[in-house]
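A.B. asks: The lines below spell out each chain.
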Amino acid sequence: MSEDDLKKAIERGVEAAAATVQKKGRLVVTVPKTAAVSALIALRARGFEHLSAISCTDWLEEGQFELVYHLWSYSDKIHVMLKTRLPRENPQIVTASPVFPHAQTYEREIHEMYGVRFEGNPRLTPLLLDHWQGPPPMRRDFDTRQYVQDTFGSTPPVGE
Amino acid sequence: MDRAEILKTLKSPAKWGQKYSLWAVYFCTGCGVVEIPPVITSRWDAERFGVLPMATPRQANLFLITGYVSVKTLGAIIRTYDQMPNPKYVVGFGSCPVNGGMYWDSYNTIKHLDKYLPVDGWIAGCMPRPEAIFVAVVHLWQMIDKGIATGYERYKDNYEYYQTNQRAILPHLAKFAGAEAAPGRNS
Amino acid sequence: MMAASTVTRIVSIAALPVVGFLVGVLFLGLSRKITARIHRRYGPPLYQPIIDVVKLLTQKENISHGILFDLGILLGLAGALITMVFIPAGGLRPLSASGDFLVVLYLMLLSPLGVALAAGASENPNASIGVSRKFILALGYEVPFLMAALAVMTRFQTTSLLEVVSCQEGSVLDWGVFVLPLPAVATFLILPAMLGIRPFDFAGAPQEIASGPMVELGGKYLAFAAIQGALHTYVVLALFVDLFLGGGASMLTFLAKMLAVFFVGVCINAVLPRFRVEQGLRYLWKWPTILAFFGLLIVALRLE
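In order, the protein sequence lines correspond to chains A, B and C.
The opening residue of the first sequence carries number 1 in this note's numbering; numbering runs sequentially from there.
The opening residue of the second sequence carries number 161 in this note's numbering; numbering runs sequentially from there.
The opening residue of the third sequence carries number 348 in this note's numbering; numbering runs sequentially from there.
These are computed hints drawn from the structure, not numbers from a lab.
For every residue, glycine included, the Cβ atom is placed at its ideal position computed from N, Cα and C.
Check each hint, because a few of them may be wrong.
Computed footprint of chain B on chain C; a stretch qualifies when at least three of its residues, placed anywhere within it, have a C-beta under 8 Å from a C-beta of chain B [stated by the list, open to error]:
hint, stretch
1, 499–509
2, 547–561
3, 564–574
4, 633–645
In silico negatives: residues of chain B with every beta carbon more than 10 Å from chain C [to be verified]:
hint, residue
5, W176
6, C188
7, R208
8, R218
9, H299
10, N325
11, R327
Covered by chain A, per the in silico footprint, the following chain B stretches (three or more residues, Cβ under 8 Å) [said to hold, decoys possible]:
hint, stretch
12, 191–200
13, 228–240
14, 260–268
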């Protein structure tokens, strides 16, 4: 189906969804966090079988995390970016692994790097970091250079 | 060639053996290891320098730290280095062991290999060409000749320094287990 | 006269290990050079194994895993040395007597046993896996080899290697390879397995099990293990030449024949990949065993 038909179907089918056609083959759907998993189920039923990735953006000024689920449909050749916002204090959302089993690993990485809790994910253990003691390192209020200075010694001076 | 100098050989067969039979432990440390297979295969033949890759650290006396050293890898590198028998030589390969290289502001890689292991020589580049490895091997020969490739002795003499630095990054390493808790670590 | 022959005997017993060591080291260097040239590269100089052994022996630290570890390696080296002394080599025939073929067949298993003892003492699971693979390999090649050996002993009606060699004197057509074609072909087919080269080097596979039994050997232990490997190569090649290629009238012809067989082995080693354990066993128990069995059958029927 075309992007406009899909946009109308999603806005009708998923509660509180706002869809925009970015360009040909790309659709951005924004949902509240309580509707994220039901939106995933609805989209999967419409042929979006491939979850490419789950990415997380730290909107520090607005005090929110934004999770983006990247879905692809082989039949329609449309890339849907399903976006939800989480509050920065105590960020948590229901896991998507019942819908897409491999979402478990993406959520594990986001949990390690941003500190987002995914309720129901059976494996929120450290993935890449080794005995990490500090705050989640990909958050924008984590001062990487200060941490490097403290832990590993001097960094070479870089002309900005 | 250099190795045909009989008098030098007769004066110190140990040095002759260590120079022309450098067996590198085949530990693929970081992305720099992509330069090692071309070096040890037919095109840039490292066997004519006596350099062979070895599967186990017990049989090796050269350790090429190729590429960036993440914190997890540093634990494995320290364990491997501790298992190698003396005399052993460490060469930092690429710019990441020198000063952090491309990952100079990363929270998960070490910046100066020299603080955790004694390093005998550095090869600059990202990545260095295979010819640079051969230049480094020849330099290492000259250092062994002059008797200044003494990283393993520095390790023994300054073990407290290296141990403190290693412990600051990797307090959970098995070799520190049972010892008193390092300052700053929650017991 | 008695004293002179005893003196020559003692000299040859003392000289043979030295000869074997030099030949083994030379063959090791040759194999690396020939392999390199087959790979279209230059390769190390011919005396590179000497440099390696000198480096290993002059290493400042030799990490041992207990008394059994030390003794195992020494047992392996001693086993290889003592097996050598029973095999006639061209002009030298130090400890030949009747029945020495059977003694050699027993002693050939002594050096792998020594290395296995050291590997067991090293408490490394890779070593245990390597030892089990080595014994599976030995089980594989012992079956056809013993049948071929029995065929040789039956045909020449002797258990003395010296008599086997002297039965093949005369002309080239008296050689074992023409008199006993089937056992000779069978033994040639299992020669890579006995030498421990590709496609049968899964016992000490560096890529799979981190050098197998030699994973914890360093320094002088590795030097002894390398020397033991070189002597074992010598023993296997010398046995093959004595049984099927007519021994050697003098040391030179003997070494030349060994070199020819070794050259074929190196070419096979340079080109072929590695068998899996079950593939190797299946190969060894199939055609070589069938050929050796029929060779033995023919010899036994010929006697009737």
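A.B. asks: None of the hints should be skipped; say for each whether it holds.
C.D. replies: Against the structure, the hints:
no., hint, result
1, 499–509, "violated (count 0)"
2, 547–561, "holds (count 5)"
3, 564–574, "holds (count 4)"
4, 633–645, "violated (count 0)"
5, W176, "violated (7 Å)"
6, C188, "holds (12 Å)"
7, R208, "violated (5 Å)"
8, R218, "violated (4 Å)"
9, H299, "holds (19 Å)"
10, N325, "holds (23 Å)"
11, R327, "holds (24 Å)"
12, 191–200, "violated (count 0)"
13, 228–240, "holds (count 4)"
14, 260–268, "holds (count 6)"
Checked against the numbered hints above, the structure violates hints 1, 4, 5, 7, 8, 12; every other hint is satisfied.
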